[in-house]
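So the sequences go chain by chain: A and B. Take 1 as the starting number for the first sequence in our numbering and just add one per residue. Take 1 as the starting number for the second sequence in our numbering and just add one per residue.
Just so you know, not all the hints are guaranteed correct.
Computed far set for chain A versus chain B, every beta-carbon distance over 10 Å [to be verified]:
1. Thr7
2. Ile12
3. Arg15
4. Gly16
5. Gln18
6. Val19
7. Ser22
8. Gln44
9. Arg63
10. Ser65
11. Arg67
12. Ser70
13. Ser79
14. Ser86
15. Val98
To give an idea of the interface, some chain B residues facing chain A are shown, with a C-beta separation under 7 Å as derived from the structure [said to hold, decoys possible]:
16. Gly42
17. Glu92
18. Met97
19. Leu98
20. Gly103
Incomplete in silico selection of chain B near chain A, CB under 7 Å [unchecked claim]:
21. Tyr22
22. Pro43
23. Leu45
24. Glu54
25. Gly102
By construction, these hints were calculated from the structure, which means they are not laboratory data. Note that the Cβ used here is the ideal one computed from N, Cα and C, for glycine as well.
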Amino acid sequence: KAGVTQTPRYLIKTRGQQVTLSCSPISGHRSVSWYQQTPGQGLQFLFEYFSETQRNKGNFPGRFSGRQFSNSRSEMNVSTLELGDSALYLCASSLWGVQETQYFGPGTRLLVL
Amino acid sequence: TQLLEQSPQFLSIQEGENLTVYCNSSSVFSSLQWYRQEPGEGPVLLVTVVTGGEVKKLKRLTFQFGDARKDSSLHITAAQPGDTGLYLCAGERAGNMLTFGGGTRLMVKP
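Produce the entire structure from the sequences given, and follow the hints as far as they go.
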């Protein structure tokens with residue numbers, strides 16, 4: 001069974017731009033969660049989607065948004081990029097939610113210049 | 001301030017030594033998960049502990065969940081270079097959210 005895939009793997013943007021990251025979950029998984037990982041703050045929860053609905057949201061500004069499609073693929077968007085948005089963005093999928101085994105993708109490394 | 005405090009943050013030991021990583025909180029969690037992350041990859045789940053006082057063993061790794069479900073520990077016996085990585089604990093609370101600790105970066109030297 002194919003694992004969680006994330007595209008692109010690396011991205012360089014400049015301040016003020018926007019970016020869209022994509023996550024394809026394991027086939028059959030309906031829950032997709034997004035996390036931001038930085039050396040200073042560690043791994044922080046962004047939001048979780050289940051059946052195209054955002055079920056939970058972490059403590060991030062409204063510049064961070066996401067969506068999930070009917071095939072469970074998910075995208076996250078960051079508008080008006082700031083230097084502090086430089087991070088590894090990870091998505092994880094599971095059948096029903098975070099109480100189950102979360103399968104993480106390799107992440108998208110975003111650098112904001 | 002992290003809701004889940006992990007200690008130590010860094011650990012460098014020789015092959016064959018034992019070590020313990022701690023994950024502490026003032027909050028109660030429904031369950032606690034331990035992950036290992038290697039460079040360039042996402043975290044991989046090692047174990048989930050659910051019941052207070054629960055002990056789970058995974059080969060040379062022993063995981064314990066505190067009686068009050070606020071803390072957990074990971075003990076590695078006879079560490080090997082292949083154990084090198086970032087170890088993360090994550091607590092699940094109501095609302096289908098995971099809160100991660102800051103991580104423990106372990107290096108096992110041959």
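query: Are all beta-carbon distances from Ser65 of chain A to chain B longer than 10 Å?
result: The assertion about Ser65 of chain A holds, with a minimum of 17 Å to chain B.
Minimum Cβ-Cβ distance from Arg15 of chain A to chain B exceeds 10 Å: holds (26 Å)
Gln44 of chain A non-interfacial with respect to chain B [C-beta, more than 10 Å]: violated (7 Å)
- prompt: Once the shortest beta carbon distance from Leu98 of chain B to chain A is found, is it less than 7 Å?
  reply: It holds, given that the least Cβ distance between Leu98 of chain B and chain A is near 5 Å, below 7 Å.
field: Satisfaction of the Gly103 of chain B interface hint, Cβ to chain A closer than 7 Å
entry: Check passed: Cβ of Gly103 of chain B comes within 6 Å of chain A, closer than 7 Å.
message: Checking a non-interface call: every C-beta of chain B should be farther than 10 Å from the C-beta of Ser70 of chain A. Is that right?
response: holds (20 Å)
- prompt: Would the stated hint for Glu54 of chain B survive a check requiring a Cβ distance to chain A of less than 7 Å?
  reply: violated (15 Å)
message: Just want to verify: Ser22 of chain A was marked as not at the interface with chain B; is every Cβ pair farther apart than 10 Å?
response: Holds, since 15 Å exceeds 10 Å.
Restraint check, 7 Å cut-off on beta carbons, for Pro43 of chain B near chain A: holds (5 Å)
query: Does the claim that Arg67 of chain A lies outside the interface with chain B hold up, using a Cβ gap greater than 10 Å?
result: holds (18 Å)
query: When you look at the beta carbon of Thr7 of chain A, is every beta carbon of chain B farther off than 10 Å?
result: Consistent with the label, Thr7 of chain A stays out of reach of chain B, its closest Cβ about 14 Å off (over 10 Å).
Chain B versus Gln18 of chain A - minimum CB to CB distance exceeding 10 Å, so not interface: Label holds. Min Cβ-Cβ 24 Å, cutoff 10 Å.
Hint violations for this structure: numbers 8, 15, 21, 24, all remaining hints satisfied.
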